[in-house]
Amino acid sequence: MKINSVKSKLDLDKKIIDESRDYAKEIVEDVQKFIDLRSTSSVERAVLRLFGVEWYSEEQQLPYVNIIVDKLINDNLISRGSTYYLVNGLLRTGLPLKEFCDNIVSGKISFKSIEPLDFEVVKKKAMDMALSSSEKIEQNVVKRNQMIKDYGEGQPPYLYLIVATGNIYEDVVQAQNAARSGADIIAVIRSTAQSLLDYVPHGATTEGFGGTYATQENFRIMRNALDEVSKEVGKYIRLVNYCSGLCMPEIAALGALERLDVMLNDSMYGILFRDINMQRTFVDQYFSRMINSFAEIVINTGEDNYLTTSDAFEKAHTVLASELINEQFALKAYMPQRLMGLGHAFEIDPDIENQFLYELAQAQMIKEIFPNSPLKYMPPTKFMTGNIFRGHVQDALFNAVSIMSGQTIHLLGMLTEAIHTPFMMDRHLSLENAKMVFKTMRNISDEIEFKKDGIISNRAKKVLNDAHNLLKEITKKGLMESISEGIFADIKRSLDGGKGFNGVFIKDDNYLNPFEKIFIEKLKMRNPQFS
Amino acid sequence: MKINSVKSKLDLDKKIIDESRDYAKEIVEDVQKFIDLRSTSSVERAVLRLFGVEWYSEEQQLPYVNIIVDKLINDNLISRGSTYYLVNGLLRTGLPLKEFCDNIVSGKISFKSIEPLDFEVVKKKAMDMALSSSEKIEQNVVKRNQMIKDYGEGQPPYLYLIVATGNIYEDVVQAQNAARSGADIIAVIRSTAQSLLDYVPHGATTEGFGGTYATQENFRIMRNALDEVSKEVGKYIRLVNYCSGLCMPEIAALGALERLDVMLNDSMYGILFRDINMQRTFVDQYFSRMINSFAEIVINTGEDNYLTTSDAFEKAHTVLASELINEQFALKAYMPQRLMGLGHAFEIDPDIENQFLYELAQAQMIKEIFPNSPLKYMPPTKFMTGNIFRGHVQDALFNAVSIMSGQTIHLLGMLTEAIHTPFMMDRHLSLENAKMVFKTMRNISDEIEFKKDGIISNRAKKVLNDAHNLLKEITKKGLMESISEGIFADIKRSLDGGKGFNGVFIKDDNYLNPFEKIFIEKLKMRNPQFS
Amino acid sequence: MKIKEIDLKKVKPYGDALDDGKIQFSFTLPVPYGDEAKECAKRYLELLGFENVMITHMDKMGLGFSFFIAYGVANKTIDFTSIVVPKATKEVWDKHTIVEKIEKDLGRKIVVVGACIESDAHTVGIDAILNMKGIAGHKGLESYHGIEVYNLGAQVPSEEVIAFAKKVNADVILISQIVTQKDVHIANMTKFIELLEAEKLRDKVLTVAGGPRITHELALELGFDAGFSVGTFPEDVATFILQSLLKKKNDKRI
Amino acid sequence: MKIKEIDLKKVKPYGDALDDGKIQFSFTLPVPYGDEAKECAKRYLELLGFENVMITHMDKMGLGFSFFIAYGVANKTIDFTSIVVPKATKEVWDKHTIVEKIEKDLGRKIVVVGACIESDAHTVGIDAILNMKGIAGHKGLESYHGIEVYNLGAQVPSEEVIAFAKKVNADVILISQIVTQKDVHIANMTKFIELLEAEKLRDKVLTVAGGPRITHELALELGFDAGFSVGTFPEDVATFILQSLLKKKNDKRI
Ligand code: B12
Ligand code: B12
Ligand SMILES: Cc1ncc(COP(=O)(O)O)c(C=O)c1O
Ligand SMILES: Cc1ncc(COP(=O)(O)O)c(C=O)c1O
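Chains as they are written, first to last, in numbering that gives the first Met the number 0: chain A, 0 to 530; chain B, 0 to 530; chain C, 0 to 253; chain D, 0 to 253.
Please keep in mind that the hints were generated in silico from the structure rather than gathered at the bench. Bear in mind that the values here come from a model prediction, so they are computed numbers and not experimental data. Hints are supplied without guarantee of correctness; some may be wrong.
Stated by the list, open to error - Straight-line Cα separation of at most 25 Å, DMTMM-like style, residue types lysine to aspartate or glutamate; simulated pairs: (1) B/K451 to A/D10; (2) B/K438 to A/D310; (3) C/K9 to D/E38.
To be verified - Chain B residues, not near chain D, derived (Cβ > 12 Å throughout): (4) W54; (5) K70; (6) D74; (7) N75; (8) T92; (9) L94; (10) D117; (11) N176; (12) G233; (13) E352; (14) E484; (15) D495; (16) D507; (17) N509.
Claimed, not checked - Restraint ranges, calculated between C-beta atoms of paired labels, are given here: (18) C/K9 to A/R219: 55 to 61 Å; (19) D/K190 to A/K230: 53 to 59 Å; (20) A/R219 to D/K181: 57 to 63 Å; (21) D/L62 to C/E50: 25 to 31 Å; (22) B/Q145 to D/K132: 50 to 56 Å; (23) D/K132 to A/G151: 32 to 38 Å; (24) C/G136 to A/N526: 48 to 54 Å; (25) B/E98 to D/K190: 41 to 47 Å; (26) D/K181 to B/Q145: 39 to 45 Å; (27) C/A162 to A/S493: 54 to 60 Å; (28) D/L62 to A/K230: 57 to 63 Å.
A virtual CB, placed ideally from N, CA and C, is assigned to each residue, including glycine.
Between the sequences and the hints, there should be enough to build the whole structure, so can you do that?
Here is the structure:
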């Protein structure tokens, strides 16, 4: 993804930025120690999916991976990880993958009944198998790069549009038409209920609620549709889905396998906004991000959400603080900055005098602090109303700030935001709005400077200072404790509360996850910053 | 009218500005010599109107002033001006004004039949009468100032809206509602045909064509309506009409008498866009502006019109050149800068990359060159389409440039510009758009600086240079010759061509216009720059 | 005045003049872009009964879809004077008055339970009504002396809300529904009321619904005692609750 | 595919899904702002035949007027396949071809007279067609070898245009009408054609009208030979003229 470079204009104090980053690092290292000791049911399911276990049991109405991992849990075997038992079984039975899994799922074979081979023997085989799976993902990376080379791509700010009909086939119609109208990136919004499902639904789906289920087959259908339209419009169209919720690592695996390009993935969103257990989320995000990074998938973090429940003007610094934390978590997962689509949003009340200046200050500040990250910029939502004409102007102002401050991933604001999930024509008008503003202001970021110690510059400094103070405070308390006190989004979550806690387990000394090893090794090679 | 001050950002060469202004001065002085020798039928009618001759002959379907001046022309008396014969007649007959005029109009008394008194005697009486008329106008000035003091007023950019139903009573409904929605200034658009009528229609009118006739009674009705709503909304609402066309000086007189606040008045618009004779226009604009100035009416010049027939990007410099000329003409008529609402417009094709930057350059440049004039900024019209949503965004960009560059009189762009004369709801939405953009960007002009030698700054310099060259060329040829070569708006007009030429005459040595004398004297006192 | 008087018994849209009937439209047709599409859009609006139809803009929207902006004239009239809209409260009291009246007139505290029920996770609206912070400077019910608030949060099943309300002996249940896609709010609200009836609580507790697409009328229709929409302040809701409880109290007395 | 196929014989608006019938509206009613106004707007759209009407925005517009934005569902369908739109030309030639064909096939120059007639002073449109400069890089007819152009400018009375056309023996008269308020363009165009008929020139010269609200259909209806609207290029007009003149020539031969 191309990232615009924007010159520094805010006169921010580098020392405060560096210190803030150091605090964030300290905060995250603390949590990472905790993460390193644990795995989760969804991590193990993701591992199985990476091995290719993509089947679904109609009888049990569950994916194979869930049935298998549940058996390992019930058999008290999970602390070694799913790899060991899968590979051990394959070696012992000599069955092909599908057949072996069929037998486990149907109960014909039980894990306990298979004699364990020597760890190193299993590990060797597991590494071989994982290597060949990883190659599939690497081929996706190659293919993406080739297509971008062949077709070209848009230019930042990339125009990002959502489709959300609930029916993957209707989504295809709308996504292709959005691309024809100028979209660069298409996100298929997920059905609301999905993030709290502890399994990934299966197959092509045509009924969703406020969105379309994320399934491997739906990923494939949409990827094909976008490849088709990429060719037609002469521009590689990126595909997005949500790597969030109880199945975060599995979705990461599916995204990697089906060549998604961008995934919403946040180290804390699930905790705060879906009441998913903290421990579960921290562990899940680590492996998810490693997969994302390996697949060269750009992640999008969810700080914009904070501003839907807390006030964007008063709590602007929480966005920055959270981004610094998200950055450190991503680095821990061997993700380079160029894949970190840190999120922020244009959500200050437009009734505040000089709102535009404050939004500009915030957007420019974030860009200056994360110059190498493909920032994800969210449009106004909370202060949109049923007045679509006014909304269209709010969106135009948002578009203006985006191009003025060099944002990378530009989610399109919809004039009907407060009314319904977007109509096809809403998307069309919204694209037209953004394209027009971007074109007419193309080089504005290069042209305009900010007054020293003016409203813009002072606001940015204040927000940075506040974030600095907040991070300092979190360093003292620890992140988990801070979250339990409601530091982000005015939402409080406890260490053992929330959904999915029972999926967390402490890893055995003999725990095995060959993908983690391979990814780390290759990511170190690919990104010199980690070696 | 308050005028925002904007700091200099474009690094324009003061020498080139000064030289350009000197050229404009030279150009205008040349024309002024020509003007000083002449008067016109409409100037003489204006004089009569200032004396209070406001009646209308139903029988002849003409205003008294037309009938009277036509008689003077037919009797070959006009070169002394209308004042002498009117006042002489009054003195000789001892009749009150109305009765005397009745007799002239009905033909019962003819001017020729009245023996001429000594010039000085008539002059003395004329001066007395004119002085008392002028006081009425001065009272209007006092009243306006008092009302602004009592009610307050908007802040620049002042929101300027048009009404144009054709029916003055329907206009009142719409104008009052526009004020209630936030308008600062209301213009009653004139019926299309009116500018080419060689008389001012009479009475309250309810049928117009694309606008409402400008009549003294209509002025009164609207002034009362706006005074009423000013009180209601707690803000003095200004009234605008068109001081253009064949009756320019008369409309100026009516505007002064009925307390209009702003009048469209241009030294060349009639020539170019209404094919009114050049000589007629130059003479008429001189006396009109003097009246406007005396009544403290802000004029609005019409350079925006150039960009409807020539290309706004290529011919941007003609706007500046024309403004410099309009400024000099106004100075000759003893009008201070603070009353010169020089016109310009946001009319560059939005399909040109960086259009916004070019518009901003132009608007800022004009503001820097005329820092003390209440600039009139016109919205996009030519590139508006039937797509009202896109149009609303174009208008938002225009609003942004206006607040960024400190414009004073801000004509509201209408999302339906390419479709119909504005609906009530169009005005409402358009006000909402501008108010929102202004509020959200309130202090932006103070906050933002332009890169040295960037696109904005270079564009402004280029336009200034081109205007400088153009003015230099006009200096050589003379303005009249230049116009005949199509220097403005790609339109060519000849010295003797066009409408209304037959109304121009050379003044006698004994020519008398007491108002001119009084106005000049008082204007010199009021505005030290002229004494 | 020389213009037609507005006849509120025969109202029509007003574009630029009384009774010109002008309406603006935008819509998409699943037909390929071209002159035929434009004509089709025009005739479609004519088919719907509009006159003087003008397609002012047409655009290609991908393959096989065209977008239109249009103006047209509607000729029917409606009698404005006959329209009566039921309202939850006639008069809204301010916080101070409410607190005073709770103490003096009601003489006991009010227990309120609130939640975003079923699939809905949009808590901002109900939080605005219930939480201390309130909205736009208007403090929420938590801040009212004499009101005891339990805010159960997002995606709470109706069963849980009702069970909780029973437990704390609630006077009022407030439920919020923001998502309306495929009329899911109607389904959720109906389910809630049915469960409440099954529990025989329907007449014992006051039920109040809210959300941007909830009208008082709709709420009544679905069996609630009141409905509140966009722009509601905590005191609007508190007034309704208190007035209803005072009425109950008086009714009992009689 | 698991979605309904589009049936072009039964077309309905498409909001977010096939046949959902969604349309957006905005309009003003001359009624005072308030809940009754909102209900009135809703019922009015229902009266016009729309279902599922949602007033998403209401605003006060001065005294006694309210502005509304709404969405609703239209349930009628239209047969797209039956729509046929008459067009001035089947195929448009480029300038080069036109100039060549004038010389070779027509064998004589074409005389064109153009004007903005009556009250209309909007010359930009007709200038775009006639003047050297043209529009968007497409040169105007003046630049065509073989076409002689007289552009009479703004606000020319029909009488003058016709007299001039007679004088120069025009093959074609082009008239432009931009202002349409109170249907003044219809009145002006009708007057023009009547005068032309009175002069017995109706069958001798080609008549072409143009302007943003002029359709080919409307022009034919009013007695013109063709009409052109927004987005017309000089070559569109030149092609029509040449094709008509060539046809005339051939018809004579036969
Ligand atoms: C903030 C927000 C979110 C946040 C919610 C955070 C939170 N904790 O609340 C997040 C990001 C989580 C979110 C998620 C989703 N959202 Co959402 N969201 C919004 C948004 C931008 C603002 C809503 C809001 O907070 N308004 C401000 C409050 C104060 O207003 P209010 O709710 O109307 O409340 C007032 C009144 O209605 C009333 N009121 C409300 N409730 C009650 C209750 C009672 C008892 C009373 C008396 C009064 C009352 O009083 C309040 C104060 O005046 C709207 C768009 C918009 N601008 O409206 C979309 C919107 C509501 N979301 C939408 C959707 C589809 C979703 C998702 C389903 C998307 C997806 N597929 O993932 C998810 C899932 C959420 C779920 N399960 O419900 C759609 C709903 C479409 C529809 N009409 O059906 C909207 C309209 C956006 C859109 N155009 O697509 N969303
Ligand atoms: C420029 C302009 C002016 C300029 C005109 C300068 C000039 N010499 O032309 C000035 C400032 C003088 C002006 C004045 C007025 N205008 Co004016 N003006 C416009 C504006 C902004 C642009 C028109 C334009 O130039 N379009 C660009 C050209 C290239 O497009 P076009 O005309 O459609 O032409 C194309 C096609 O239609 C076609 N075509 C056009 N004519 C012909 C002829 C033939 C034979 C053919 C084949 C093709 C053809 O080919 C062209 C090229 O593709 C429009 C708003 C808008 N954006 O449309 C208002 C607009 C047309 N004006 C309007 C009005 C009301 C007026 C006034 C009456 C206002 C007043 N009361 O004073 C006056 C009076 C003018 C008069 N007597 O006619 C209204 C008309 C409303 C209506 N539908 O009735 C409009 C729509 C603005 C509005 N919303 O109020 N105007
Ligand atoms: C990181 C992230 N994940 C997920 C979502 C939303 O989807 P859900 O919570 O339904 O997975 C969001 C929403 O903005 C988000 O920011
Ligand atoms: C100075 C001036 N006068 C008059 C007009 C228009 O009105 P008319 O020519 O009908 O007088 C304009 C239009 O923009 C103008 O700029």
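Structure-based check of each hint:
1. Restraint check for B/K451 and A/D10: the C-alpha separation of about 18 Å stays at or below 25 Å, so the hint holds.
2. With a C-alpha separation of about 19 Å, the suggested pair B/K438 and A/D310 falls inside the 25 Å cut-off, and the hint holds.
3. About 15 Å separates the Cα atoms of C/K9 and D/E38, which keeps this hinted pair within 25 Å; it holds.
4. Under the 12 Å C-beta cut-off, the non-interface status given to B/W54 relative to chain D holds; the minimum distance is some 29 Å.
5. Residue-level check passed: B/K70 sits 30 Å from the nearest beta carbon of chain D, beyond 12 Å.
6. For B/D74, the requirement that its beta carbon stay farther than 12 Å from each beta carbon of chain D is met, with the minimum near 33 Å.
7. For B/N75, the shortest C-beta to C-beta distance to chain D comes to about 33 Å, beyond the 12 Å cut-off, and the non-interface label holds.
8. For B/T92, the shortest C-beta to C-beta distance to chain D comes to about 44 Å, beyond the 12 Å cut-off, and the non-interface label holds.
9. Once the 12 Å rule is applied to beta carbons, B/L94 is consistent with being away from chain D; the minimum gap is 42 Å.
10. The beta carbon of B/D117 is kept farther than 12 Å from every beta carbon of chain D, the shortest such distance being approximately 48 Å.
11. Distance check for B/N176 against chain D: the nearest CB is about 3 Å away, which does not clear 12 Å, and the non-interface claim fails.
12. Every C-beta of chain D lies more than 12 Å from that of B/G233, the closest at about 15 Å, which supports listing it as non-interface.
13. At roughly 16 Å, the least C-beta separation between B/E352 and chain D is larger than 12 Å, which holds for a residue marked as non-interface.
14. The beta carbon of B/E484 sits about 17 Å from the closest Cβ of chain D, which is more than 12 Å, so the claim that it is off the interface holds.
15. Distance check for B/D495 against chain D: the nearest CB is about 18 Å away, which clears 12 Å, and the non-interface claim stands.
16. Non-interface status of B/D507 relative to chain D is upheld: no Cβ of that chain comes within 12 Å, the nearest being about 36 Å off.
17. Its beta-carbon lying about 40 Å from the closest one in chain D, B/N509 satisfies the requirement of being farther than 12 Å from that chain.
18. Between C/K9 and A/R219 the Cβ separation comes to about 59 Å, which falls inside the hinted range of 55 to 61 Å.
19. Range check, D/K190 to A/K230: about 55 Å between beta-carbon atoms, so the 53 to 59 Å window is met.
20. Judged by the Cβ atoms, the range 57 to 63 Å given for A/R219 and D/K181 holds: they are separated by roughly 59 Å.
21. Checked against the given bound of 25 to 31 Å, the beta carbons of D/L62 and C/E50, roughly 29 Å apart, stay inside it.
22. Distance hint check: the CB atoms of B/Q145 and D/K132 are about 53 Å apart, consistent with the given range 50 to 56 Å.
23. A hinted range of 32 to 38 Å for the beta carbons of D/K132 and A/G151 is consistent with their spacing of about 35 Å.
24. At roughly 50 Å, the beta-carbon separation of C/G136 and A/N526 lies within the given 48 to 54 Å, and the hint holds.
25. For the pair B/E98 and D/K190, the beta carbons lie near 45 Å from each other, so the given range of 41 to 47 Å is met.
26. The supplied range of 39 to 45 Å is met by D/K181 and B/Q145, whose beta-carbon atoms lie about 41 Å from each other.
27. The hinted window of 54 to 60 Å between C/A162 and A/S493 is violated, with their beta carbons roughly 23 Å apart.
28. In this structure the supplied range 57 to 63 Å holds for D/L62 paired with A/K230, their Cβ-Cβ distance being about 58 Å.
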